[in-house]
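Q: Each chain, letter by letter, is given below.
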Amino acid sequence: MFSRRWLLALKLFLPSWNFFNDFGAVTRVEVSLDPAAAEPRWRPVFGDFTTSDWRRIAFNPEGNLALQKQSLIERAAEELAGEQRDEAEHFIARAVRAKLAAPTGKLAVKGFRFRIVERTAGEAGKVRFVSAEFPLTEPAPCHS
Amino acid sequence: MPLLTQASTLAWTQGLLAIGLLIQTAELWRTRHLYGADGALAGPSVAPGLGLRFALTIALAPLAFRPPSWLAFSVHALLLANSAWLTIRSRGPVCGGSDSMWFQVQLGLTIANLPSVGPLGGKLGLAFIAAQSVLSYVLAGISKMRNPRWWNGGTVQSLFASDGPYVLLASLRTFAQRPLLCQGLGLAVMVLQVGVAAVLFLPAELRWPVVAGVAVFHLFNAVALGLNRFVWAWFATYPALLVVGS
Numbered sequence: 005m006f007s008r009r010w011l012l013a014l015k016l017f018l019p020s021w022n023f024f025n026d027f028g029a030v031t032r033v034e035v036s037l038d039p040a041a042a043e044p045r046w047r048p049v050f051g052d053f054t055t056s057d058w059r060r061i062a063f064n065p066e067g068n069l070a071l072q073k074q075s076l077i078e079r080a081a082e083e084l085a086g087e088q089r090d091e092a093e094h095f096i097a098r099a100v101r102a103k104l105a106a107p108t109g110k111l112a113v114k115g116f117r118f119r120i121v122e123r124t125a126g127e128a129g130k131v132r133f134v135s136a137e138f139p140l141t142e143p144a145p146c147h148s
Numbered sequence: 010m011p012l013l014t015q016a017s018t019l020a021w022t023q024g025l026l027a028i029g030l031l032i033q034t035a036e037l038w039r040t041r042h043l044y045g046a047d048g049a050l051a052g053p054s055v056a057p058g059l060g061l062r063f064a065l066t067i068a069l070a071p072l073a074f075r076p077p078s079w080l081a082f083s084v085h086a087l088l089l090a091n092s093a094w095l096t097i098r099s100r101g102p103v104c105g106g107s108d109s110m111w112f113q114v115q116l117g118l119t120i121a122n123l124p125s126v127g128p129l130g131g132k133l134g135l136a137f138i139a140a141q142s143v144l145s146y147v148l149a150g151i152s153k154m155r156n157p158r159w160w161n162g163g164t165v166q167s168l169f170a171s172d173g174p175y176v177l178l179a180s181l182r183t184f185a186q187r188p189l190l191c192q193g194l195g196l197a198v199m200v201l202q203v204g205v206a207a208v209l210f211l212p213a214e215l216r217w218p219v220v221a222g223v224a225v226f227h228l229f230n231a232v233a234l235g236l237n238r239f240v241w242a243w244f245a246t247y248p249a250l251l252v253v254g255s
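Which chain is which? The protein sequence lines are A and B, in order. With our numbering applied, the first sequence corresponds to residues 5 to 148, in that order. With our numbering applied, the second sequence corresponds to residues 10 to 255, in that order.
Derived from the structure by calculation, the hints contain no laboratory data. By construction, the Cβ of each residue, glycine as well, lies at the ideal position given by its N, Cα and C atoms. Check each hint, because a few of them may be wrong.
[Claimed, not checked] Far from chain A by the CB rule (all over 12 Å, computed), these chain B residues:
id, residue
1, A20
2, G24
3, R41
4, P71
5, V176
6, V200
7, V219
[To be verified] Just a sample of chain A residues kept apart from chain B, beta carbon distances all over 10 Å, derived:
id, residue
8, A41
9, L71
10, A99
11, A105
12, E137
[Unchecked claim] Within a straight-line C-alpha distance of at most 16 Å, the following computed EDC-like cross-link-like pairs (lysine to aspartate or glutamate) qualify:
id, chain 1, residue 1, chain 2, residue 2
13, A, K114, A, E66
14, A, K103, B, D47
15, A, K103, A, E66
16, A, K130, A, E66
17, A, K114, A, E137
18, A, K130, B, D47
Looking at chain A on its own, in the form it has when it is part of the complex (with noise of 0.2 Å):
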């Protein structure tokens, strides 16, 4: 599904309005920067989900471009257990790349890996998988 684009298109003609049934685990993306040691120290990627922005009632590019990528975070975290889980490391590591360049462009470490956590309010998270190293002085090769 994940590169079936064409069927996301096909999507929008049948909605389905079944959403927000209940609110447990989220999906969460952990970083490494020191990718070799032996206890590899993990730190949230996509972090602060608080705001104290009343402005976004009727603007919110950001609140929504987060919001986007932990659709397309959570949707590559379920390929990954499937065919297309070469695919979906690759991209959830090009997120990840862009995310630890920013706001600078510069690039301060040489290497990275990430995991997937799946976190309940108040419960320490479950890890669902752990990435291969990944380098962050050329983009990953993509299989799209």
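Given chain A, work out where chain B should sit, using these hints.
A: Just chain B, lined up with the frame of chain A:
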């Protein structure tokens, strides 16, 4: 402007759709780096597509009060195709539910502007939009009713205590420590959503409270969760909800 004529209802629908699409397009323009060479959705530039989206949306304005024509139909059909392009280019909806509803509204307006079917096209288009709106609320409400965590406030508490994916308004996080409030909010959401079905049975002049209720729901979500696009996507269906079948 009187609401309860077919032409003005279509014009209001079109106007609310246009406002929403302009806001969405401006937001996507601001964050187009996502689609750039180093972005997660690296690929062909989205600038031409977003520019076309902006131009087509603006083009809706002079067509608002004109009878259906091949020009109006073409603009709506092109906008529909542009929405499909955006979904494909983005590897999925850019904002889930709001994309889905906007597409349904666009589909309804495209039907309404078919020049060969006369006023029937307008009736069909508005009925389609109203049906999608009612379905969206009622199905979502019924689905929540099947989940005990909506009845006891657990889902709402989890939401206010969450660390993603929604960016929550800081001052509302304290709601997570108020279980009765969360339970009340959960019950209110279910009643509001399922209650939208009442518009199918109420005369037009009595539908306003129902529509006002769900409008407040969307405004709250925009403030609390940042779901501003949902406001415009569902507001665009309200003119049809208010008049269909009346």
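Q: Hint by hint, where does the structure go against what was stated? Just the numbers, ascending.
A: 3, 5, 9, 10, 11, 13, 16, 18
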